[in-house]
Each structure stands twice: as C-alpha cells, then as structure tokens.
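Residue numbers (this note's numbering), protein chains in the order written: chain A, 7 to 492; chain B, 591 to 651.
Derived from the structure by calculation, the hints contain no laboratory data.
The C-beta atom is built at its ideal place from N, Cα and C for all residues, glycine as well.
Hints may contain errors.
[To be verified] For the chain B half of the interface with chain A, some residues (derived, Cβ under 10 Å), not all of them:
hint, residue
1, M591
2, N594
3, V600
4, E601
5, I603
6, E608
7, A618
8, K620
9, V624
10, L628
11, K634
12, K637
13, N639
14, V642
15, E650
[Claimed, not checked] Dumping the calculated DSS-like pairs for lysine-lysine here, alpha-carbon to alpha-carbon at most 25 Å:
hint, chain 1, residue 1, chain 2, residue 2
16, A, K384, A, K441
17, A, K482, A, K455
18, B, K629, A, K183
19, B, K606, A, K183
20, B, K632, A, K163
21, B, K634, A, K310
22, B, K637, A, K183
23, A, K310, B, K622
24, A, K183, B, K634
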Amino acid sequence: MEQKLTLFELNQWIKDALNTAIPGTVWVVAEVSELKENRNGHCYLELVEKEGNEIVARARATIWSYTYRILKPYFETTTGQFFTHGLKVLVQVSVEYHPAYGLSLNIKDIDPAYTVGDMALQRKEIVERLQNEGVFDMNRELELPLVPQKIAVISSKTAAGYQDFINQLENNSPGIKFYTHLFEAYMQGSEAVPSIIFALDRIFEYEDFFDAVAIIRGGGATADLSSFDNYDLAFHITQFPLPVVTGIGHEKDDTIIDLVAHTRMKTPTAVAEFFISGAERFYERLIALEEGVVQVTRETVDSKQEQLEGIAENIHRFAGAFIHEKTRQLVKTGNSLHHEVNRFVFRKKYELNNLKHDLHSAFSVWKVEKRNSIDRQKGILKQVVHEALLNETTGFNRLKELTRHASDRFLAKEQERIVRNENLIRLLNPENVLKRGYTLTMKEGKIVKSIYPLQINDEIETRFSDGTVKSKITKKEGDGNKKSDL
Amino acid sequence: MTYNEAISEVEEILEKIENEELDVDELAEKVKRVSTLLKICKDKLLKTNEQVEQILKEMEE
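Chain A with its partners taken away, still in its complex shape:
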C-alpha cells in the first residue's frame, strides 16, 4: 500500500510544486467576467478565456486593496473606461495556491494599453462590419427636421443628465415649446444594450410623431462605455428611421453609437442646446424674414411712391414749360399778326385812297365827258326828232288825205252795193213770193218740197200771203214713191 497523505499535505505539495514551476510573476491576457470590491477595498475578480462563446479557461483573481487603490484610477484614466467586467486585460499575476481556498491569481499590475488596443480593435471590427453591410452612414444621412420639436428621449429617470436635459430644453430663451417623452432604459451594465434596443422599438411605433431621438446619460469623471461599443445597438441605430442624437457624457474617443448616430454631442445639456439652437436659428430666420418682408415691402412702396411723385413733378414741369412755350409762340404770332394786319390795313387804306382819288378824278372826267356827250346827243336827238316829226306830220297829212279819199270811194261803192242788195232781197222775200201767187205747203210745221212724204189722208197746211188753209190729201200723182234728193 502506498503512503497515505492528508488533503492538507496534498494541497501543500501542490502549492510547493506550483511555486517551483511558476516562480515570481507572469503577464496573462484574460477577460474580466466578474468583479467585486469588498468593504476593505480588496477586489475580487473572475478571469476567463473564451473561444467563441465557450469558456475554455477560468480562474479567480484578487487585487489587494493597497494595489487596487493605485491600479484602478490609473486604468480608468488611461482607458476612459470603468474597470469592470467584460474588459479584456493584460495583468501581471503571481499564481497563489492556498490549501483551504485553492488556486487564485494575485494581480500585481495592469497594462491599460492592452485594453485600449483591444477596445479599439473591437470597435474597428464593429465599424468595419457596419461599413461592409452598407449601413454605417444610414442614420447620419437622415434629414433632421428644420425644427426638431418632438423628441423621444432614451435615458434613465434617475440619471443626473436627464433632468439637466429637460431643464435646459424647457428654459430656453425664445420660449420655444419642446415636447419630450422619456423611454426608460438602463444606461450602463449588461442590461443597457437590450433595454436601449427595446426603447428604440417602442419609439418606432411613434415614428411619425417624433422628430428625433436623444440617447442621453449623465456624465462623470469616467463612465462605462463598453455598452455603447456594441454591434447590435449600433446596427439598430443605423436602421432607425428617425435621426438619433447622442449625449452620453464622455470626453474621450467616440463610442460606436456616437459614430453611427446622426449627431454626437458630449453631454445631455449639449444635446438640449443642439435642439434649442436649431429651433432658435429657425426662429431668428422667421424674425429676419418678417423684417425682410416689411422692409422690402416698404422699400417697394416707397420707390413706387417716389416714381409717382417724379412722374407728377415731370408732368407739372413739362406742362408748365409747354404752356409757357405755347404762350410765347402765341404772343409772338399775335404780335406779328397785329403788325401784319396794321401794315395790311395801312397799305389797303393807302391803295383805297389812291383808288378813291383816281376814281374821283376819273369820275369827274367821265361826268364832264358824259355831260358833253349827252348834251351833244340831246342836240342830235332834238334835231332828229324834229326832223322825224316834220317827216311824220307830212306823211300823216298825206295819209289822212289818202285815207279820206279811199274811204269816200269805199263808202260810195258800198252804198251802191247796199241799194242793189236791197232790191235783190225785196225780190227774194217769201212774203213777196207768196204775194206773187206762189204757196208754201207744210206738214206738221215742216216745208214739203216733194210728194214723197205725203200719204193719202195726211193733213197738210198751205200758206198764202194773207193766211193758211188746212187740207187732206185725196190723191197722189207722179213718181211720188221715189225718194227725192232732199
């Protein structure tokens, strides 16, 4: 039978072996999976190594308080990162083995440069992945509304930054009205990423309502930023339809979500200022436009008025000048007309006088001549009339003699003829004929010259010189049936 050992003896043996095998200290790369500080200021950690998601090595570790007091601020100021779980670290350790408590690594020193490099590397990988997927700039390419007035806030109600943000927004100087709604999320620790993504999902339901999203977190000297170097969260932000503005309170390098966000501000107050200044610029633009319109309108109206006045003045001036000129012309024309008329009148008067004079003398001459001529003609006429009268008297006397002579002859001749006719007439008178024994036969008052109209028994009247008898026809002889030539 082999020699029996107690557990303590075995563990003591392991301890001795380890001391021999790993003397002094070694530099170890590991990930901090857990970290606790106790009341005495000692720090207890769990270090792991992963292959993918699988843990392939695990070890407990401690940092004694006197070391931790120096290491922690050194690490945090160098990395800008809380010394907390999830970090990859390069630490100098001595391997300790305690028979009662087992294996533990005592951390003597830490190299922050490694963590910075690792974080940078991780971030670089995430950035490259987002770029390769073509989403990296998508949120930044969104157009921020002219006035982002309705803001969805992702923060923690208790975060100091949140209240600063709200106060800042509400007390802006122009009095611009902002509408905010808080979508609560954890802003640090392992819950941060999923709770922020959940908040984004809720805001997405009000996509049409909000103008922008603000992710804010109160500042501090340092902060746990590893949550914001997360691919999933960054991807969500790139895909979000509203512009995301970050203010997660840190001064150092930008986190991934700062890089993909539409706008990155350093603090929540700065985010509030960002929104206010946008709205203020717009407000100022409104005022400027207002003043501009008033001024331009006034200028336009003034210039129109000026034009009008100018035109009126010109009209006045031109009209005055025109009237003056026309008056002058008129006066001139009037004067010359007057002059011409005077000259004309004078000339005509002169001519008229001449004419009158001429006429007068011509008339005198003519009068004398005419008188002479008339006297002459009067003499001639008197002579002619005298001669004519003399002639006529002579002719007339001769004619008187001739007439008396002729009429005496004519009267004698007529006397003779009348006597002859008296005899003839005496012979021809029916009374005288009847007296000589001739009768006149009449029927019904008419003279009957033929037997033709007379019938047997007709009553006829026979006129004698001393009376009439009536008789009836008893017989008719001769060719009395033939019509006579009456």
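Knowing the structure of chain A, use the given hints to seat chain B on it.
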C-alpha cells in the same frame, strides 16, 4: 403645413417682391399671406399644441 413648406413659400414671395415681380395690388395680398404663414410658424414654435400633448399623455398609459 410644415415649417419647410411655410418658409419656402415665404422666401418665394420675398424673392418676388425683391425682384419687383409683383404689382402693388398683388403685393398687399402677398404680404398678408406672408404674415399669416409667419404667424402659423411662430404659434407652432412657441405655443403649446394640445393635440400633441394629448398624444404624449396617451403614451404614458
């Protein structure tokens, strides 16, 4: 009406006035329009919109 639409219209009118494209009658009408648009913008910017407040309130529930 969005801020953008309002501002664009105002700027368009302003440009027309500056270029003297408007006669005096149109000018009066356009200036009135500008004043209305600016008032809308200012009110929207500075005064609380009850409808918006109501929507925010509904989000709480």
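Going through the hints against the structure:
1. The criterion of a C-beta within 10 Å of any C-beta in chain A is not met by B/M591, whose closest approach is roughly 12 Å, and the hint is violated.
2. Among the interface hints, the one on B/N594 holds; its C-beta lies about 5 Å from the nearest C-beta in chain A, closer than the 10 Å criterion.
3. The beta carbon of B/V600 is positioned within 10 Å of a beta carbon in chain A (closest approach about 5 Å), and the interface hint is therefore held.
4. A cut of 10 Å between beta carbons decides the hint on B/E601: the least distance to chain A is about 7 Å, and the hint holds.
5. Evaluation of the B/I603 hint against chain A yields a held restraint, the C-beta minimum of about 7 Å falling below 10 Å.
6. With 10 Å as the threshold, the beta carbon of B/E608 comes within range of chain A, its nearest partner Cβ sitting at about 6 Å, so the hint holds.
7. With its C-beta approaching chain A no nearer than about 9 Å, B/A618 sits inside the 10 Å limit, and its interface hint holds.
8. The interface hint given for B/K620 holds, since its Cβ lies 9 Å from the closest Cβ of chain A, which is under the 10 Å cut-off.
9. The interface hint given for B/V624 is met, as the beta carbon of that residue sits about 5 Å from the closest beta carbon of chain A, less than 10 Å.
10. With a cut of 10 Å, the hint placing B/L628 at the interface with chain A holds, because the nearest CB-to-CB distance is about 5 Å.
11. With a cut of 10 Å, the hint placing B/K634 at the interface with chain A holds, because the nearest CB-to-CB distance is about 8 Å.
12. Interface restraint check for B/K637: the shortest CB-CB distance to chain A comes to about 6 Å, inside 10 Å, so the restraint holds.
13. The interface hint given for B/N639 holds, since its Cβ lies 8 Å from the closest Cβ of chain A, which is under the 10 Å cut-off.
14. For B/V642, the interface hint holds, the least distance from its beta-carbon to any beta-carbon of chain A being 5 Å, beneath 10 Å.
15. With 10 Å as the threshold, the beta carbon of B/E650 comes within range of chain A, its nearest partner Cβ sitting at about 8 Å, so the hint holds.
16. For the given pair, A/K384 sits about 78 Å from A/K441 by alpha-carbon distance, which is inconsistent with the 25 Å threshold.
17. Using a Cα cut-off of 25 Å, the hinted pair A/K482 and A/K455 holds, with the two alpha carbons roughly 14 Å apart.
18. Of the pairs offered as hints, the one joining B/K629 and A/K183 holds, with about 15 Å between alpha carbons and a cut-off of 25 Å not exceeded.
19. About 32 Å separates the Cα atoms of B/K606 and A/K183, which puts this hinted pair outside 25 Å; it is violated.
20. Of the supplied pair hints, the one linking B/K632 and A/K163 is violated, its CA atoms being roughly 31 Å apart against a limit of 25 Å.
21. Distance restraint check for B/K634 and A/K310: the Cα-Cα separation of roughly 35 Å exceeds the 25 Å cut-off, and the hinted pair is therefore not satisfied.
22. A hinted pair counts as satisfied when its Cα atoms are at most 25 Å apart, and B/K637 with A/K183 qualifies at roughly 6 Å.
23. Taking the CA atoms of A/K310 and B/K622, the gap is about 19 Å. The hint holds against a cut of 25 Å.
24. Straight-line distance between C-alpha atoms of A/K183 and B/K634 comes to about 8 Å, which keeps the hinted pair within the 25 Å bound.
The structure fails to meet hints 1, 16, 19, 20 and 21 from the earlier list, while all remaining hints are met.
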